[in-house]
Amino acid sequence: MKSRARTSLTAAVVGAAILFSAAVPRGYAQSSSSGITLYEDVKTGALYRKPGRGRVPVTLGAPPAEDVHKQVEQEVKQHDDQLRAEFMQNQQELLKENADLKKDVAEIKPAWQDYINSFRSKFHVGTLVYADWRMYTHTSFGPQELTQINSPGPGNNLYNSFDISRAYINFLFNPTDDWTIRVTPNIYRMNGTATADSFGHSSSIGSNLSGNLGYRLKYAYLQYSKAFDRIEPLKGDTISIGQIANPIVAWEEDLYGYRFVNLTPWNYLSLSSTQTGMSVQGPVKIGEIQYFDYDFGVYNNSSFHAFEQTNTKEAMGRISYYPFGATWRFQGLGLTGFYNYGYGNTTPDFVGTAPLFNAPKAHITRIAALLHYTAEQWGIAGEWDYGHNAFTSGNMFSSSGPSATGPSANVGSLATALMNNGRSVQQGWDVFGHYHIPHTPFTLFGMFEWFQPNTKVDMNPFDFQRWVAGISYQYNEYLRFSLDSQNLMYYHSNFDFPAAYANSFAHEFGPAVTSIKDSVPRDVHAFFLNAEFAF
Amino acid sequence: MKANSVSFKRLILISGLAFGLFAAGCAGSASNSATAQNAADPASPGFKQAALKSADSATQVPASKTVEAPAPRVQDCGIVAISSPPKYVCNGKVYTATQLAKLRADEAKKYQSGQ
Chain A
1 MKSRARTSLT
11 AAVVGAAILF
21 SAAVPRGYAQ
31 SSSSGITLYE
41 DVKTGALYRK
51 PGRGRVPVTL
61 GAPPAEDVHK
71 QVEQEVKQHD
81 DQLRAEFMQN
91 QQELLKENAD
101 LKKDVAEIKP
111 AWQDYINSFR
121 SKFHVGTLVY
131 ADWRMYTHTS
141 FGPQELTQIN
151 SPGPGNNLYN
161 SFDISRAYIN
171 FLFNPTDDWT
181 IRVTPNIYRM
191 NGTATADSFG
201 HSSSIGSNLS
211 GNLGYRLKYA
221 YLQYSKAFDR
231 IEPLKGDTIS
241 IGQIANPIVA
251 WEEDLYGYRF
261 VNLTPWNYLS
271 LSSTQTGMSV
281 QGPVKIGEIQ
291 YFDYDFGVYN
301 NSSFHAFEQT
311 NTKEAMGRIS
321 YYPFGATWRF
331 QGLGLTGFYN
341 YGYGNTTPDF
351 VGTAPLFNAP
361 KAHITRIAAL
371 LHYTAEQWGI
381 AGEWDYGHNA
391 FTSGNMFSSS
401 GPSATGPSAN
411 VGSLATALMN
421 NGRSVQQGWD
431 VFGHYHIPHT
441 PFTLFGMFEW
451 FQPNTKVDMN
461 PFDFQRWVAG
471 ISYQYNEYLR
481 FSLDSQNLMY
491 YHSNFDFPAA
501 YANSFAHEFG
511 PAVTSIKDSV
521 PRDVHAFFLN
531 AEFAF
Chain B
536 MKANSVSFKR
546 LILISGLAFG
556 LFAAGCAGSA
566 SNSATAQNAA
576 DPASPGFKQA
586 ALKSADSATQ
596 VPASKTVEAP
606 APRVQDCGIV
616 AISSPPKYVC
626 NGKVYTATQL
636 AKLRADEAKK
646 YQSGQ
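If you're matching them up, the sequences are chains A and B in order. Residue numbers for the first sequence follow the working numbering, beginning at 1 and rising by one. Residue numbers for the second sequence follow the working numbering, beginning at 536 and rising by one.
Some hints could be false.
List of simulated lysine to any residue pairs, SDA-like, C-alpha gap at most 20 angstroms [stated by the list, open to error]:
(1) B/Lys628 with A/Phe324
(2) A/Lys285 with A/Arg230
(3) B/Lys628 with A/Pro438
(4) A/Lys235 with B/Val629
(5) A/Lys285 with B/Val629
(6) A/Lys226 with A/Phe292
(7) B/Lys628 with A/Gln377
(8) B/Lys644 with A/Asn476
(9) A/Lys50 with A/Lys70
(10) B/Lys637 with A/Leu479
(11) B/Lys637 with A/Glu288
(12) B/Lys637 with A/Asn476
(13) B/Lys628 with A/Thr327
(14) B/Lys628 with A/Ile289
(15) A/Lys122 with B/Lys644
(16) B/Lys628 with A/His388
(17) B/Lys637 with A/Val125
(18) B/Lys628 with A/Asp254
(19) B/Lys628 with A/Tyr478
(20) B/Lys628 with A/Leu333
(21) B/Lys628 with A/Tyr373
(22) A/Lys361 with A/Gly394
(23) A/Lys313 with A/His388
(24) B/Lys637 with A/Tyr373
(25) B/Lys628 with A/Arg230
No wet-lab data here; the hints were simulated from the structure.
Assemble the whole structure, with the sequences as input and the hints as a guide.
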């Protein structure tokens with residue numbers, strides 16, 4: 001009872017003190033922003049307004065500012081420490097991530113470099129460009145001196161032209177060491193008089209086909225080089241399929257070495273350097289010495305830039321024999337034989353009409369036999385050529401020929417009768433060679449060709465001789481120039497060809513024509529400045 | 536008597552000179568023969584000395600230098616193939632145009648650097 005009364009009294013005093021705190025002047029229970037300060041008797045627990053013996057201050061309400069400040073400081077410090085710890089942890093994690101990223105990048109880089117290096121060793125891009133400036137002291141009808149160039153007929157002396165006659169871009173890819181893929185586009189001259197395209201009701205746009213140099217596919221083939229690796233002498237020989245080089249032309253161009261100046265014999269006459277088909281080729285070596293070099297294939301009858309129409313195929317083969325062995329491709333004495341048998345590019349249901357009838361589907365034969373000797377500083381070769389239906393009026397006049405309505409129209413018809421009749425026989429022989437002048441970058445070179453387009457004609461006005469002579473300058477490993485004279489000579493004296501005799505080959509002439517006047521074309525003489533860039 | 540004393544002195548002088556010349560000659564020939572004898576005798580110091588001398592001579596004369604063959608020039612090579620890249624044969628070995636160009640460039644750099 002007593003203690004309960006005491007407690008009640010104490011509470012009442014506290015309440016009164018609080019009430020009085022606003023009015024009572026400070027000096028006793030102190031009221032401030034930090035709260036009310038009373039004094040507690042430590043023995044009894046009573047609260048008094050005034051300090052005294054045995055009494056300790058007790059603050060009621062808000063704690064003292066200093067204490068608050070201290071507490072805030074502590075909490076802020078605690079918070080700072082927390083933040084710092086979090087920051088350090090984040091930093092550590094970031095550093096670790098950076099290290100991991102660096103490691104990943106370091107692993108990627110060699111892989112990328114490795115890819116580039118292996119790609120670089122498997123892929124090659126090259127080019128082969130032939131350019132020239134040519135000037136004709138005498139123009140006439142005849143075959144092209146180089147592909148993609150033409151010259152006008154007689155009466156156009158001093159005709160001259162800058163030309164690009166070849167612009168290969170060679171893409172070669174070796175995904176593995178036994179396969180090669182080659183794709184080579186090349187330029188070609190578009191000739192033709194297409195009609196204008198109508199453009200709306202009353203207008204038209206002229207054709208731009210004629211004269212343009214366009215790009216077409218020259219080579220596109222797959223080549224495998226390990227088919228014969230088990231046979232030591234044939235190790236490295238290849239099988240090729242696609243649009244590929246035929247067995248004779250590219251080989252002979254390398255033997256001659258001056259394709260950038262003029263065409264090799266069968267290429268000049270009628271045989272393109274490219275055929276579509278498949279072939280097998282390579283050297284036959286005993287040890288490191290080559291004794292044979294061969295190339296055999298089966299191809300479309302069409303040229304590589306025409307539709308194949310036949311249900312047959314043509315075969316070609318070349319074999320070169322080096323009786324004393326060759327330490328490199330053409331070295332020393334060599335004997336080469338080439339044979340080609342095929343058919344004219346016509347569909348099986350082709351029905352010919354007069355005057356040529358089935359001549360366009362007649363068989364075609366080409367033969368070449370060469371004897372050649374090649375050293376590092378010089379080379380010489382002799383060749384004999386023989387053919388059946390292998391040289392037509394289209395080949396004869398591939399540079400330019402008589403127009404159908406011009407003064408020499410009958411000469412054009414005469415060529416058709418004598419060469420396109422399906423029973424013509426060709427024969428010719430050639431000599432070509434080169435000699436490097438010692439200790440200079442100059443080489444002398446030349447070619448002579450004699451050719452009879454049809455040996456069955458008693459005196460064929462189109463029999464010709466061709467000769468090329470020049471000097472070349474090797475500027476560096478990739479660039480050569482040459483200055484040369486190129487000449488085509490129809491060596492018979494001019495005469496009037498009897499029309500009746502011409503009709504015995506193909507009935508080209510009606511009764512109104514008794515003879516073909518001036519049947520022998522004029523000669524062609526020209527100077528060429530040629531350039532070759534090969535990479 | 537005076538003339539006799541002069542002659543005697545002259546004789547002594549001449550004899551002395553002659554003996555001196557003889558002795559010098561003998562010493563010279565003796566040393567030569569000794570050297571020759573010593574050079575011939577592998578065990579003798581003279582031989583070793585001669586050998587050392589010849590060795591010294593050998594080191595003084597420079598040994599013959601190995602002369603590198605010049606890089607092949609494409610102008611002196613034969614054509615093997617006009618391909619991509621072109622191939623040439625030089626002194627029996629086949630090179631590509633790129634290899635020949637590199638050999639030429641490397642040789643030019645060597646000459647420029649004075650090697």
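The hints, checked one at a time:
no.	hint	in the structure
1	B/Lys628 with A/Phe324	holds (18 angstroms)
2	A/Lys285 with A/Arg230	holds (13 angstroms)
3	B/Lys628 with A/Pro438	holds (19 angstroms)
4	A/Lys235 with B/Val629	holds (18 angstroms)
5	A/Lys285 with B/Val629	holds (16 angstroms)
6	A/Lys226 with A/Phe292	holds (18 angstroms)
7	B/Lys628 with A/Gln377	holds (14 angstroms)
8	B/Lys644 with A/Asn476	holds (17 angstroms)
9	A/Lys50 with A/Lys70	violated (27 angstroms)
10	B/Lys637 with A/Leu479	holds (15 angstroms)
11	B/Lys637 with A/Glu288	violated (26 angstroms)
12	B/Lys637 with A/Asn476	holds (12 angstroms)
13	B/Lys628 with A/Thr327	holds (9 angstroms)
14	B/Lys628 with A/Ile289	holds (13 angstroms)
15	A/Lys122 with B/Lys644	violated (29 angstroms)
16	B/Lys628 with A/His388	violated (41 angstroms)
17	B/Lys637 with A/Val125	holds (18 angstroms)
18	B/Lys628 with A/Asp254	holds (17 angstroms)
19	B/Lys628 with A/Tyr478	holds (18 angstroms)
20	B/Lys628 with A/Leu333	holds (18 angstroms)
21	B/Lys628 with A/Tyr373	holds (18 angstroms)
22	A/Lys361 with A/Gly394	holds (15 angstroms)
23	A/Lys313 with A/His388	holds (17 angstroms)
24	B/Lys637 with A/Tyr373	violated (30 angstroms)
25	B/Lys628 with A/Arg230	violated (26 angstroms)
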